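Heads up: the protein sequence lines correspond to chains A and B, in order. When the letters of the first sequence are read in order and numbered with the UniProt record's numbering, they come out as residues 1 to 266. When the letters of the second sequence are read in order and numbered with the UniProt record's numbering, they come out as residues 1 to 998.
Simulated from the structure, these hints should not be mistaken for laboratory data. Take these hints with a grain of salt, some might be off.
Unchecked claim - The calculated label-pair distances, taken between Cβ atoms and stated as ranges, are: (1) L128/A <-> P486/B: 54 to 60 Å; (2) D170/B <-> R214/A: 40 to 46 Å; (3) P185/B <-> S166/A: 39 to 45 Å; (4) P185/B <-> R214/A: 47 to 53 Å; (5) A237/A <-> R173/B: 44 to 50 Å; (6) L128/A <-> P177/B: 46 to 52 Å.
What the hints assert, rightly or not - Cross-link-like lysine to any residue pairs, in silico, SDA-like; alpha carbons within 25 Å at most: (7) K23/B <-> N179/A; (8) K465/B <-> E887/B; (9) K961/B <-> M675/B; (10) K163/B <-> V5/A; (11) K8/B <-> R91/A; (12) K32/B <-> P190/A; (13) K727/B <-> S857/B; (14) K752/B <-> D782/B; (15) K967/B <-> I794/B; (16) K32/B <-> N179/A; (17) K23/B <-> V5/A; (18) K24/B <-> E85/A; (19) K986/B <-> K32/B.
As the structure is a computational prediction, the values presented were derived from the model and not from experiment. Just so you know, even glycine gets a beta-carbon here, dropped at the ideal spot from N, CA and C.
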Amino acid sequence: MGSRVEILNDGGFRSDGRRQFELRDMTIDLSQQGQADGCAVVTHGLTQVLVSVFGPREAKMRSQTMHDRANISVEVNVAAFSTGERRKRTRGDKRILELAATIKSTFEPVVQTNLYPRSQIDVYVQVLQQDGGLLQACINATTLALVNAGIPLLDFVCAVSGGVHSTSPLLDLTLLEENDIPNVTVAMMPKTGKVTLVTMETRLHVDRFEEIFRLAGDAGKVIHGEMKNAVRSRTSALVAAMGSGPRVGGVDVAADKDGDDRMNEY
Amino acid sequence: MVEITIRKRPRTEAVVTQRKFFKKTARGKVIKVLRERYLRDDVGCGISGCNACPVTDVVLPAAGDQTHRLFPNGHFILPDTNVFLSQMDLVESNLFLPPIILLQTVIEEVRHRSLPLYNRLNALIKAEDKRIWVFYNEYRSETAIVREEGETPNDRNDRGIRKATAWYNDHIRVTRPPIRGQAPPKLPTVVLVTEDADNRQKAEKAGISSISVRKYVEGMKESAQLLDLLAAEGPNQIEPTPVTSGRQALYPDYLSTSTCLAGVKAGELHQGHFSANVYNYLEGSVSVPAFTAPVLLIGRDNMNRAVHGDVVVVEVFDEKEWRAPADEVVDAESALKNDDVEYSGDEGDEEEEDPVLRREKQVLISEDVKRTAGKQPTGRIVGIIKRNWRAYVCHIDSTSLTSSNPTSLSQQTVFATPVSRLLPRIRLRTRQAPALIGQKILVTIDRWDVTSRYPEGHFVRSLGKVESKEAEQESLLLEFDVPYRPFGKAILDCLPPEGEQWVVPPKSDTSLEWRDREDLRDLIVCSIDPPNCQDIDDALHARYLPNGNIEAGVHIADVSHFVHPDNPMDSEAASRGTTVYLVDKRIDMLPSLLGTNLCSLRPYVERLAFSTIWEMTADAEIVNVRFTKSVIASKAAFTYEEAQLRKDDQNMQDELTLGIRLLNTLAQKLRAGRMAAGALNLASPEVKIHMDSSESAEPLDVEQKQLRETNSLVEEFMLLANISVAKKIQETFPQTSVLRRHLPPPRTNFEKLQDILMKRKGMALDVSSSGALAASLDRCTDPNEPAFNTLVRIMATRCMLSAEYFCSGSVSRDTFGHYGLASPIYTHFTSPIRRYADVLAHRQLAAAIGYSPLHASLHSKSHVERILDIVNRRHRMAQMAGRASVEFYVGLALKSRNEREKGRVQEEAFVIRTFRNGLGVFVSKLGIEGIVMFKREIQFDADNYVITVPASPTSDAGEVKIGVFDKVTVNIEVEKDKNTQRGRVKMTLVHPVDSTSM
């Protein structure tokens, strides 16, 4: 059956009706979830991830504390119902550990850990639903949850996956596409244009790589705009609720070229 | 930079955009599948001048097509899936050119139902002359639909198609609003074309214009030609006519597939390929593993609509009801001559029995009486596993025409008679019947209902005039499934870029061509081939060594240097399998640049070769053999005749001649050794056709091929090379080496021939081994008849199995032997230009001597087996095509001879078979077989293979007995069959009794 689905048909449509460079619908929910200091629910199409951040707080285990900076610990939990085949993954599952390690190493250079010596930042990633692009969803959600928790970051981290079908590059792959074509996930920092993560589990031709890499970088900027808007409207809603500061209506939610710089104040 | 956007999907749309379903895997696990899709408004309608759709390269004209009778305002057609599933031939026709809107739903459904049709459809979309716009209706927000509860996928798709049609019509109306003060614009209609009456009804209800394919085509300008391309419709769809209504079933229904498969598994039913009997259209057989003899099927009911080549399931009757095969020639053409096309199969009035049925019954009953000895399992077909229907080359039966007025365009039902006698007549409806008479046409079978005596088909295309060279050639190639298209660009791109200018580069250490190659350019090498041979793939040399031994070498064109594994040229060659030689045409396996130039071992030029070099004693005993890639420069290219003359001319004492003589003495010794080991000297009727010139179609004469000493010289060394290579590759790759074998024939095959020989000539044939057979064949001579021995050899050859390629790992070691050559192991190595198996052997040998690593595919047993299956089949087909081509030219030659000699072409012939009402004769001079039929009653002694022609009341001739192996004289005429326009050889006896009046 799977082989009978066309990844990219002659009309330039992908199997879900998108064109090559169209990203899936992205929704961001930054409302409070339980006791967490910051959390975010991010969906890319049918992939949904909830990230809760606790901290910075005192480390539970002394052995893990570092005298000059905070320790980031990432724990990933994949819900049994998130995939097509119902399967319970244990916490020791190697793939999950790897995912956690990837997220951790992505954020270590971005979070200003040196501001919080001898403390710990706990990131709990809960995967609610999967349809490709799991890593990108995890990273985007973690960024937003960290922002929501008020942890200082050097920049946003925006991740997106890309692949090549024959010679045509595609962005933001669904599970169907991920299973079929070589793909790469790129996480970048939009302000500096630096890349914090490139990961690939399939073979991709060198000649194609550069193109995909560049495209994924550009796509990261688009995702950044989306994330920024979400953060801003969440913050203004909070400010409005506190009854001080500018009125909700006063904040210009629409594209504001130097909104970026103001972002740092929040 | 490209534009990257996030596709927003409103939450409210989720009902239409998300789809969740569960599916069960093969292991029984249940998997939840969740899919989403993004609906959009920028999917273009493809109509030029549309202001609402994004501009892409539109293909549909704004006004639609205005030539159709029913739609004066212009129209587009929007075909349903069933149009492509059943009427692909129509859509592919280059006369069918209305603008087509093709829905994504339709494409996907076609793809789901049949991949071959999907591929044809894809080719159509890309075709230049068609105006097809693919509309992605599932992605457009207005036309996307979701399956409702309780709706079948089929109904859902139909609804989607209707919705898209409705949308298109709205879209056209909305985008072209009437402008005030002007007449309202003429709006083209989008018409739903479907074969499904139910769908049409629903469309009608929703106010969508819809039409059936037939009705649509009827309104077209070129309807006469196009209507023929329509596939026969199923009975549930056509309106009842007097002919179809009230028909009785003529055949029993098939069992369901599951019942058949269960029966086969349980051993109650048997599965096999159905093969029809050439001599008797009311008889067929199925070879099944459970019985040694094939299961006999007698009569139409028992053959139950099977067509030659179908995979069928048979039920075998009780042993009481077993019968022997018929010994009468029953010609469908004469027996069914007057069968009416329209009403055939209609029983009509109860008391008046169908004349056809009555006649057939008579035939069967009269045969029954005589069927005593040689009973075979008998049964009937109860189901069909797989139809092997394809397009068949046919002629229109002129008697079945109701009107032969050449300008008549009325719809007629006519019979098409396939060229192959194994196939039943096909009924087809056409409007151009008069124009098709005297043409070879291609016809496909669509279906065969229980109520119809004949299968129904439709016209595909015309090949050309009967007996025109082109039409006959193409029909031959189609009939034997020979791929004859020119090589595509991808294949030609695999050739060396230098083309004709390619030469062996000068010798150097760095050159790729010279790596590990031996320089044999100084050897006195020559090639010996038939006259006008262009693809020279072998050359030979022999010389004395200082130690008194002889060095002999066979040099084969190094095709594997040019044809690399797994590129387009290689896969094409693998699928072609072999070069096909017709009398006037060669269909190459490899592009001709390789075959006739770069790989051809032409004289005076350097060529790459793969050499097998033996050191032999003067008694032709092999001391040592080695294989090497080499570079040779042939010194001469002889024909067999030239080489023979040179060898025999004692004045010639140059090195070349000495080499040939040396080779010849060795060959004679090799041959003697082979014969002593029990090799068979087989014979097949081989004739040569003299052509006036290559352009003219008229062959001048036919003669038997002459065999010279030099033929056998080349043959011996090729055999030796093949055997040596076979040993080497089998040693190195015991699992996957490509070998060739000839299984010993089962002894039962010879029983009849032994019986005939014993009874008629008092000769015995010992078939216990190939050696014994060879010896006893040598004894079968008649001092008065030198040709008798050849005849017996031909008949013995026909009793044998055919040789085949196989993969050494897939059969047991003791069945490797080659029966005819009496060699324990054999392969094909010496003609890589024209046989694909040789290319494989070359690659394996190259790997065996460490020249190059073996490609991974040749390590896989299943892969090698798969390739060899195809090659075996192609090989068989190529042989048959070649023979048929010779037959056709013999027919032409006879015709021209008949004209010169005023219809008195008489030749001597041997009787090879006796029938209850005729004789099978073989004319060795022409290499043709024919049947002499007697209309008058004759006596037939089946046990002694003798017929007795009673004394004729009108003449004074007495009673004459004719038996198998008797020499007779026949008059040969080529008469055009009145019905089919097929030229066929008609033979009548001249001596010992004149049968013209009988």
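Hint check:
Evaluation of the 54 to 60 Å hint for L128/A and P486/B yields a pass: the beta carbon distance comes to about 58 Å. About 43 Å separates the C-beta atoms of D170/B and R214/A, a value consistent with the hinted range of 40 to 46 Å. Between P185/B and S166/A the beta carbons are some 43 Å apart, a value that agrees with the proposed interval 39 to 45 Å. The hinted range of 47 to 53 Å is satisfied by P185/B and R214/A, whose Cβ atoms lie roughly 48 Å apart.
In this structure, A237/A and R173/B meet the distance hint of 44 to 50 Å, their C-beta atoms being roughly 46 Å apart. The hinted window of 46 to 52 Å between L128/A and P177/B holds, with their beta carbons roughly 49 Å apart. For a cut-off of 25 Å, the pair hint linking K23/B to N179/A stands: about 18 Å separates their Cα positions. Simply put, K465/B and E887/B have alpha-carbon atoms about 18 Å apart, close enough for the 25 Å limit, and the pair holds.
Between the alpha carbons of K961/B and M675/B the distance comes to roughly 39 Å, so the proposed pair goes past 25 Å and is violated. Taken as a hint, the K163/B and V5/A pair is honoured in the structure, with Cα atoms around 23 Å apart against an allowance of 25 Å. Note on K8/B and R91/A: the hinted pairing is violated, with a Cα-Cα distance of about 35 Å set against a maximum of 25 Å. Among the hinted pairs, K32/B with P190/A is inconsistent with the structure: their alpha-carbon atoms are about 37 Å apart, more than 25 Å.
About 21 Å separates the Cα atoms of K727/B and S857/B, which keeps this hinted pair within 25 Å; it holds. Between K752/B and D782/B the alpha-carbon distance is near 20 Å, which keeps this suggested pair within the 25 Å criterion. A threshold of 25 Å between alpha carbons decides the hint, and for K967/B with I794/B the separation of about 16 Å falls inside it, so the pair holds. About 16 Å separates the Cα atoms of K32/B and N179/A, which keeps this hinted pair within 25 Å; it holds.
Under the criterion of a C-alpha separation no larger than 25 Å, the hint pairing K23/B with V5/A is consistent with the structure, at around 16 Å. Between K24/B and E85/A the CA atoms are separated by roughly 10 Å; this keeps the pair inside 25 Å, and the hint holds. Distance restraint check for K986/B and K32/B: the Cα-Cα separation of roughly 70 Å exceeds the 25 Å cut-off, and the hinted pair is therefore not satisfied.
Taken one by one, the earlier hints fail for this structure at numbers 9, 11, 12 and 19, listed in ascending order.
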